[in-house]
Amino acid sequence: MPSAPTGTLYRGREGMWSWVAHRVTGVLIFFFLLVHILDTALVRVSPEAYNAVIGTYKTPIMGLGEAGLVAAIVFHAFNGIRIILVDFLAKGPRYQRVMLWVVVGLFVVTMAGFLPRHLGNVFGDH
Amino acid sequence: MTTPAIADPRTRYSRRKATRGNYELYSWVFMRASGAILIILIFGHLFVNLMVGKGVHAIDFAFVGGKWSNPVWQIWDLLMLWLAMIHGTNGVRTVINDYAQRDLLRLWLKILLYAATIVVVTLGTLVIFTFEPCHAGADPSTVASFCQAR
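So the sequences go chain by chain: A and B. Quick note: the first sequence, position 98, residue 98 per my numbering, numbers continuous. One rule links them: number in my numbering = place in the second sequence (from 1) + 1000.
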């Protein structure tokens, strides 16, 4: 791996870390998607086969995994809008840093709406 | 005496020559266009499957049967399947190109990626269109409520 000299244009800080997070969440979501299409395909086998596998998604550990998955999707979605705005707005690159903090704010609000409901479903009476 | 052929000193600059088509441009546009549509499709999917009612506890064979008896959800899920898989495959292709430095490794990783994508998209599409919500011989408690009426 060639090492970049210090003081390059966007090494470190918000620009690079949002890029890293976008990659990591993207790859995670892709591998979940492969598994999710395969497990859903079990509806074509039998109701029992599908229900048995989907039943494992309702355990507390998988419930926490789903919370993590939704967090990854929500970040990837909002940061994706930021990337589109950076690319298409004339002043996009100038405001990329501010827009990342808007993304973080929207992420917190969305997760605050989702987590109580989801964790209530996973850990509460049903 | 013949005059020697002298090349035109100012041959027209052609941007096209250096590139191998506009593939990467189309890929760049597709990531943004599909991403914008996927936000609507996936947020809707997550809201209906995880937020409404009992959330993840409501999901079973009958739940899927109920959803896919409605053509709107069939088309919703079909679009989501194709767009998300192509968007994800293109993203992972970029990651492979960035980090797999040996030519042969890069080639095989991409062959594996495209093979997985073709299998999964084909399987998913077949499942959406050949799914039978009132599965023959199934335990009545496992299928959608509208199956009893038949």
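Just so you know, these hints were derived from the structure itself, not from any lab. Do not take every clue at face value.
Between beta-carbon pairs, the in silico distance windows are [what the hints assert, rightly or not]: (1) A:G92 - B:P1140: 53 to 59 Å; (2) B:A1007 - A:G15: 42 to 48 Å; (3) A:Y95 - B:D1098: 24 to 30 Å; (4) B:A1007 - A:Y95: 48 to 54 Å; (5) A:P93 - B:I1086: 26 to 32 Å.
Taking lysine-lysine and the DSBU-like style, the derived pairs with C-alpha atoms no more than 35 Å apart in a straight line are [claimed, not checked]: (6) B:K1067 - B:K1054; (7) B:K1054 - A:K58; (8) B:K1067 - A:K58; (9) A:K91 - B:K1054.
Cβ atoms here follow ideal geometry from the backbone N, Cα and C, with glycine treated the same way.
Here is how each hint holds up against the structure:
1. A hinted range of 53 to 59 Å holds for the C-beta pair A:G92 and B:P1140, which are about 57 Å apart.
2. Distance hint check: the CB atoms of B:A1007 and A:G15 are about 46 Å apart, consistent with the given range 42 to 48 Å.
3. At about 26 Å, the CB distance of A:Y95 to B:D1098 agrees with the hint of 24 to 30 Å.
4. Our hint of 48 to 54 Å for B:A1007 and A:Y95 holds, since their Cβ atoms are close to 49 Å apart.
5. Range check, A:P93 to B:I1086: about 27 Å between beta-carbon atoms, so the 26 to 32 Å window is met.
6. Annotation: proposed proximity of B:K1067 to B:K1054 holds, straight-line Cα distance about 15 Å (limit 35 Å).
7. Only pairs whose Cα atoms come within 35 Å are accepted, and B:K1054 paired with A:K58 is accepted, the gap being roughly 11 Å.
8. Restraint check: the Cα-Cα separation between B:K1067 and A:K58 comes to about 19 Å, which is no more than 35 Å; the hinted pair holds.
9. Distance check on the hinted pair: A:K91 and B:K1054 sit about 44 Å apart at the alpha-carbon level, beyond 35 Å; violated.
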